[in-house]
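**Q** Here is how the chains run, residue by residue.
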Amino acid sequence: MIKKIPIWRRYDRILGADPKADIRAELRFHLDSKVEELMAQGWSLDDARKEAERQFGDIRAVQRTGEQIGEHMESRRRFKKYAAECVQDIRHTLRILRSNPAFTTVSILVLALGVGLNSAVFTVVNTMLLRPLPFPDSNRLVWFTGGKSFDAKIRAGGGLSAETYTVDVYREFQRNNRSFQSVLAFQTFYNSLQYKLTGVREPRQLDAVEVSDNFFPTLGVTPVLGRNFTAEEVVKGGRPAAILSYYFWKTEFAADPSIIGRSITINTSPSAVNGSVTIVGVLPATFDFGAVFAPGKKVDLFVPAVMDFWSTWGNTLAVVGRLKQGITVAQAQDEADRLFPSLKSQHKDWYYDYASDLFSLKAHVEGSLQRSLVVLWCAVGLILLIVCVNLSNLQLGRAAARSKEFAMRRALGASRGRIIRQLLTESLVISFAGSVVGLAMAFAILVYLSHQTSIALPLLTTIRLDFTSISWTLVTAIVVGILFGLAPAYRMSRSNIHGAIKENTAGTAGGRGQDRFRSILVISEISLACLLLVGAGLLLRSFLRILDVDLGFNPSHAAAIQTDLPPAANKDELLHRTATLKAEIDRVGALPGVEAVGIADMLPLDRNREWGLQSVGRYHAKGADTGALVYLVTPGYLRAMGMRLRAGRDFSWSDTPDTQPVIVINEAAAKREWPGEDALGKLAYATGKTPDRVIGVIADVRERGLEQNASPQIYIPMTQNSDVEGATLVVRSRIDTDTLGGGVLSALRSLNPAQPATELRPLQTFVDHSVSPRRFFVLLVTIFAGLGISLAALGIYGVISYSVTQKTQEIGVRMALGATRGLVQRAILGQTLRLAIGGLAVGFIASLGAARLIRSLLYATSPWDPFAYLVMAILLLAISLLSGYVPARRASRIEPMRALRGN
Amino acid sequence: MEKARLELVRGTLDVLILKSLFWGPLHGYAITRLIRRQSDDALLVEEGTLYPALWRLENRGLVATEWGLSDNNRKAKYYSMTNEGRRRLRADTRTWEAYAAAVAKILSATEPPAREA
Chain A
1 MIKKIPIWRR
11 YDRILGADPK
21 ADIRAELRFH
31 LDSKVEELMA
41 QGWSLDDARK
51 EAERQFGDIR
61 AVQRTGEQIG
71 EHMESRRRFK
81 KYAAECVQDI
91 RHTLRILRSN
101 PAFTTVSILV
111 LALGVGLNSA
121 VFTVVNTMLL
131 RPLPFPDSNR
141 LVWFTGGKSF
151 DAKIRAGGGL
161 SAETYTVDVY
171 REFQRNNRSF
181 QSVLAFQTFY
191 NSLQYKLTGV
201 REPRQLDAVE
211 VSDNFFPTLG
221 VTPVLGRNFT
231 AEEVVKGGRP
241 AAILSYYFWK
251 TEFAADPSII
261 GRSITINTSP
271 SAVNGSVTIV
281 GVLPATFDFG
291 AVFAPGKKVD
301 LFVPAVMDFW
311 STWGNTLAVV
321 GRLKQGITVA
331 QAQDEADRLF
341 PSLKSQHKDW
351 YYDYASDLFS
361 LKAHVEGSLQ
371 RSLVVLWCAV
381 GLILLIVCVN
391 LSNLQLGRAA
401 ARSKEFAMRR
411 ALGASRGRII
421 RQLLTESLVI
431 SFAGSVVGLA
441 MAFAILVYLS
451 HQTSIALPLL
461 TTIRLDFTSI
471 SWTLVTAIVV
481 GILFGLAPAY
491 RMSRSNIHGA
501 IKENTAGTAG
511 GRGQDRFRSI
521 LVISEISLAC
531 LLLVGAGLLL
541 RSFLRILDVD
551 LGFNPSHAAA
561 IQTDLPPAAN
571 KDELLHRTAT
581 LKAEIDRVGA
591 LPGVEAVGIA
601 DMLPLDRNRE
611 WGLQSVGRYH
621 AKGADTGALV
631 YLVTPGYLRA
641 MGMRLRAGRD
651 FSWSDTPDTQ
661 PVIVINEAAA
671 KREWPGEDAL
681 GKLAYATGKT
691 PDRVIGVIAD
701 VRERGLEQNA
711 SPQIYIPMTQ
721 NSDVEGATLV
731 VRSRIDTDTL
741 GGGVLSALRS
751 LNPAQPATEL
761 RPLQTFVDHS
771 VSPRRFFVLL
781 VTIFAGLGIS
791 LAALGIYGVI
801 SYSVTQKTQE
811 IGVRMALGAT
821 RGLVQRAILG
831 QTLRLAIGGL
841 AVGFIASLGA
851 ARLIRSLLYA
861 TSPWDPFAYL
871 VMAILLLAIS
881 LLSGYVPARR
891 ASRIEPMRAL
901 RGN
Chain B
904 MEKARLELVR
914 GTLDVLILKS
924 LFWGPLHGYA
934 ITRLIRRQSD
944 DALLVEEGTL
954 YPALWRLENR
964 GLVATEWGLS
974 DNNRKAKYYS
984 MTNEGRRRLR
994 ADTRTWEAYA
1004 AAVAKILSAT
1014 EPPAREA
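Going line by line, the protein sequences match chains A and B.
Numbering-wise (the working numbering), the first sequence opens with residue 1 and increments by one.
Numbering-wise (the working numbering), the second sequence opens with residue 904 and increments by one.
You may find that some hints are simply not true.
Claimed, not checked - DSS-like cross-link-like pairs, simulated, lysine-lysine; straight-line CA separation at most 27 angstroms:
id, chain 1, residue 1, chain 2, residue 2
1, A, K298, A, K362
2, A, K148, A, K362
3, B, K978, A, K20
4, A, K344, A, K689
5, B, K978, A, K50
6, A, K571, A, K582
As the list claims (entries may be wrong) - Just so you have them, the derived chain B footprint on chain A, three or more residues with Cβ under 8 angstroms:
id, stretch
7, 31-40
8, 231-244
Claimed, not checked - Here are some chain A residues pointing at chain B (derived, C-beta under 10 angstroms):
id, residue
9, I23
10, Q55
11, G57
12, D58
13, I59
FYI, nobody ran anything at the bench for these hints, they're computed from the structure.
Cβ atoms here follow ideal geometry from the backbone N, Cα and C, with glycine treated the same way.
Looking at chain A on its own, in the form it has when it is part of the complex (with noise of 0.2 angstroms):
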């Protein structure tokens, strides 16, 4: 039936397929057909042809018909092709790999590396900058401080009592602004009371926030158990009640779902809550208040802010507002910055006008952090690129060992682009085994990050590798795939397929060319390791700086425990205050090994709070800065801090409510108040009406950070004021803080049985504490900066060992001709020095333009401190010359006559 078509006539098709020709061959055909049998059966042409159109009906549509279906198929033809095609070139790409494991294993650890890191850091930066706090709508949520009619320098010296609220402002603001759906408020003071749980196990301090009663439905947090406090719960002498948190809930009560309206014993001093606390409700596992507005900080339970209790209390409130729907927070800052005043207008009795800066919540929380986060993230950014650069070294190396193969290829018919794509593949395989196991990696770096409490740093504990730093780690395996398999795929494809095939040895497969390349790469390898390094070098440097600064206490040795406070409402109890203090500190100090004993209500680096200082018989300017942060103490503290008095006495036992009061301040008090004078024995308005008398004067010590400068501080004896905020007993001893805890616990216990059971904590930890932000982050810059040189030796390895094996021939021919081993070495080191010098002096300028951008970051270091240069060209030197060193020394090895032979 079907006729071969003779040769001649297959030919109309030389030009390629033409389907829509071919649609309408098929039909006219058919026409034909038709129109034939028509006129046997008797019709004429003309009417023939017409009775055929007409039972064919409508041809176009049909036409068009066929061309879409054709369409369809030609697609999907190409793209079976390119899919066999794909699954061809990775089949190969496979055997390939597994016949170079130690390639393969270099590259996939290289590149996990890199992709590790960044997918770790990208994570970090995502919590804490990029994604929204872990509430509902928190964009609406607004951060106030306050203090903003104060000039800079005086906020800047201003504690915590400078940016919160009175009871009376925040329920006034509350009360009167209409930008806000709410308003909420919590104690910032958190330690203002001590809870202590007692009747569970022996006594245990905890960790409570005050919160206002709309504090969790203004976040829009819903307790998973129980429900949120009721109005007669935050009334003074309301029904007391706690919401617990997750995680004390978790381990405190063995997440016991009956938990819900059960009663526990606490304790508070100054007493506020005595006796039993219904248990109302338990939050969300992911509601962290810690990771939010106190980073490093776990709360085991949320207690009502009795505004009645505390309305009598300074600055004290934290204030955050949830935006009404629609309302911008510039909005907001507008109304805040018409209302504030208005209010203190109204309010003869505020201390000042409370005028406010307002931020979004997000912008508070991540604060002084976005800048570090940029530089870190630009650093695994340059990681990320050394890697690339690296492997594209690595490939272009093996590809040229591989030329011979791919002028096969190209020679049998294979076009340029599917060699470039059979590259790309390699490449892309290569990444993406590499991005898994880096996942791998990153997942092990972000839980063992988010279980650092000791890291100050907010929403770490929230951090997890989600779906989002998945598709970011992908999408990063790709670019890095194409990247760095894009060089060596665009100079193979490009090689002579004559030159190569003719070339029986690795020879000089690639050429000069190829060398200047690989050049090229390791140059700018050692480029991008130089910034790294200077980075890393002058954050370093600032860290030094930072730990060396004088904190004006002394950390070493000394140890510190909370411990409870009688009330004092009146002079005689104070009086037996005292008594118990007095006991407290010679029974402890009475430990052997035991050289000063003091109690403070807080230390320095933790909390603080800020009241006033006027000396007497001076003009004082309206508006001028009379803040000082105020702390009560006992005789023998100073002596326990190892806080340095300059001039003047320690308290003593001595100094009554009976006796003249007086005061201890700093230096930077005393240049405030007393410029030009002895501060000694001068009078002073600090603790109310009447004056203070002057008794000593301290060296300044470090109170809000180690990076901040000293502010003006009073330090008032416990025996005569009785204003504490807590206490704090500071030990000082050479004896190891694990083996003297358990005496100071027990002589505490002897003394008051209800003493609860806390760690004796080395002051240490504070400072540590107060630097463990930028402990981590100069830790990670350094790591990388490591990392980044070790990529770069690895790059410089590759190349000079890749030339020295090309060159074999010609060190032989050199050595037969007298060439000593010194000399071969000396010209491969040369080489080796060129691309290190090259690379040093194009970093070199680099690192002076980016050192700028991180200059806010720096602490008393000039970003282009001459040291960490100098330090960074040494090493880098150093680590180039060692890297060179190991193939020179195999050159010098090299026999000539094996050499000479070798082919």
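Using the hints provided, position chain B relative to the given structure of chain A.
**A** Quick look at chain B alone, frame taken from chain A:
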């Protein structure tokens, strides 16, 4: 020619095309002719539906095409059945026979079905 023309029931065209290719490769025109003859002129396949149906079958891999010469020595596109097409034809034939038998049984019934116990 005076016999009643039957409209093709939806979905039958494919199986009829496959069946007509069972005897060997045919071009489109020959397929219409074969169906018409085989059904004693009862079934008339419209060209407007035949060709799209053929192309779709080709697209699905049930028929293959090849250009060849027709009886009158003209270039024509010949369709032939692939193995896949052969399998499909077998399956569809079975389905159709079962279907037709069931329909016939119902239509030729003379009394209602016995009550279920």
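**Q** Run the structure past the numbered hints and jot down the numbers of the failing ones, going up.
**A** 8
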